[in-house]
Structures are given as structure tokens and as C-alpha cells.
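Trainee: Sequence:
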Amino acid sequence: MQEKIHYFQVNNKLVPVQVIFDAKNNEMEMQKIRGFYILRISYENFNQNLDKVNDYVQKFIGGKAESSSWMSPGINLENRYFYFLSKRIYFQYSNFNKEISFEINDGKTFLACKNETKIGKTLHDWLQNELLKIVSEMINSNFLKFFLTENNLKNMQINIKHSKSYWGRNKAIDFNTKTYGLDFNIDLIMFDEKLIESVVFHELTHCIYRNHSKQFWNHLTNILPDIKLRNWYLNHKKFKYKTKNETNM
Numbered sequence: 001m002q003e004k005i006h007y008f009q010v011n012n013k014l015v016p017v018q019v020i021f022d023a024k025n026n027e028m029e030m031q032k033i034r035g036f037y038i039l040r041i042s043y044e045n046f047n048q049n050l051d052k053v054n055d056y057v058q059k060f061i062g063g064k065a066e067s068s069s070w071m072s073p074g075i076n077l078e079n080r081y082f083y084f085l086s087k088r089i090y091f092q093y094s095n096f097n098k099e100i101s102f103e104i105n106d107g108k109t110f111l112a113c114k115n116e117t118k119i120g121k122t123l124h125d126w127l128q129n130e131l132l133k134i135v136s137e138m139i140n141s142n143f144l145k146f147f148l149t150e151n152n153l154k155n156m157q158i159n160i161k162h163s164k165s166y167w168g169r170n171k172a173i174d175f176n177t178k179t180y181g182l183d184f185n186i187d188l189i190m191f192d193e194k195l196i197e198s199v200v201f202h203e204l205t206h207c208i209y210r211n212h213s214k215q216f217w218n219h220l221t222n223i224l225p226d227i228k229l230r231n232w233y234l235n236h237k238k239f240k241y242k243t244k245n246e247t248n249m
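Be aware that the sequence shown starts at 1, since it is given in UniProt numbering, and climbs by one per residue.
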């Protein structure tokens, strides 16, 4: 199947849509995956009925055009940037080299990407893997603070997922043996590492106290005295964390 990125005008804004040409599809079929729009249609139907296609796309997207170029976690295909640890990172794509390139911390990163329609998925997978590395390192460096053993770590299942309802989640697979599954929202990669840390430590505290009891908050506050401020930044989607002293400067 052939595919391409086509920009549709919706509410005076250009919206990128991945168009997949399917010879078996005589109708138009549209869906939204990870915040990105995908249209399946035959090549002939697309080229011969472009006005109808435009109408169909506009009705499907409706008043959501403002967020249409927003692909979790903060990937903007239209303006070629994404968010990584509270910073906006601009990227380029080379058709000749078949790769995405961008600069982070004065270093250049290159990601293999066979065509422009795969940019979103390629960046998404890279960000997902980066968050997994960050979270895993935080857990490995701090597990003793939560009365866990190296054996508990070996059995721990860490997953990066999409969610609209949580930043992190602790599932007790076997509470007696302290076997846990920890899920983290991929959108955390957009935030400062201190804010990611607050979610990781929150979920690790649930390895001791399952509920948000007074003991739970006492333990977490002893480790992170500024946990309430960090939670405020997370819940208000403020990517860059500042302490109270920095805020008052």
C-alpha cells in the first residue's frame, strides 16, 4: 500500500493526515490513533473526489483542529518539533538519508525512518524507550528507600503506556512476594526529570502502602519534601519545574 502525509485545511489551520491508499477500500475510512489522523481510501477516489474528501475530513475532525497536530507525547508533525524533558526539540527529516535528526544536549541524534509517514511512530517509539530508561534508572537507584530488594526489582514489570487518567499506576501482581507491575504515562517524557521522579517515587511508595493513607504521604514527603509543588506542576501541565525559591526570584 502507498501512503503519504497530506495537509487538510480545517478551521483555518493546516492539519497533517496520514493517507493510506487501499485499493480494496471503495469508501473513506478515518480514525485517530495516538492523537494523529489516518485516512484510508483508494487512490482513484482520493484524486477524483478531492472536494468530497476535504468535506469528509473537516466533518470528522470538526472543532478539534487545534489539537489535531498534537500527537502524544507532544509530537507536532506540522511544525516539526516534540517535547523532551521540558524542552522543545526541533527535528528535520531527510528523504535522501531516510532519517530523522535533532540536537539534544549539544549532541546530534539520528533515527532511521523509511519515509515521511513513519515520522510520528519513529519519534514516538524513541521517546517511549527514553522514558523507560529514565524510569528504570530512577527505580534501580532508589529502591532501598521503599524497602525493596534486588530480587523484587528482577520480578518488577515496568511498562510505558498511553493514558488519559493517570501519570503512573502500581499493580500488585503478588503483594505477599512484593511482585509489582508499574505503568507510566508516556506523556511524562515531556516533563522535567524532577517531575518524572515524583511519579516514580509515588508509585514505589505504593509498594509499601497500597492506599493514600497518612502513612503513605508521610513516607513520600520524607523523601520528597516538595512533592505537593511537583504535583501542582504535573497537574497543570507545566513542563519545567521550579522550586519555590526559583519562582520567587
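Keep in mind that the hints were calculated from the coordinates and are not lab data. One or more hints might be untrue.
[What the hints assert, rightly or not] Quick list of simulated restraints, FRET-style, between CB atoms: (1) PHE216 with LEU132: 21 to 29 Å; (2) SER165 with THR221: 19 to 27 Å; (3) LYS98 with LYS59: 53 to 61 Å; (4) ARG210 with ASN115: 44 to 52 Å; (5) LYS161 with LYS52: 31 to 39 Å.
Built from N, CA and C at the ideal position, the CB exists for glycine as well.
Trainee: Compare the structure with the hints numbered earlier in the document and write down the numbers of the violated ones, lowest to highest.
Mentor: 3
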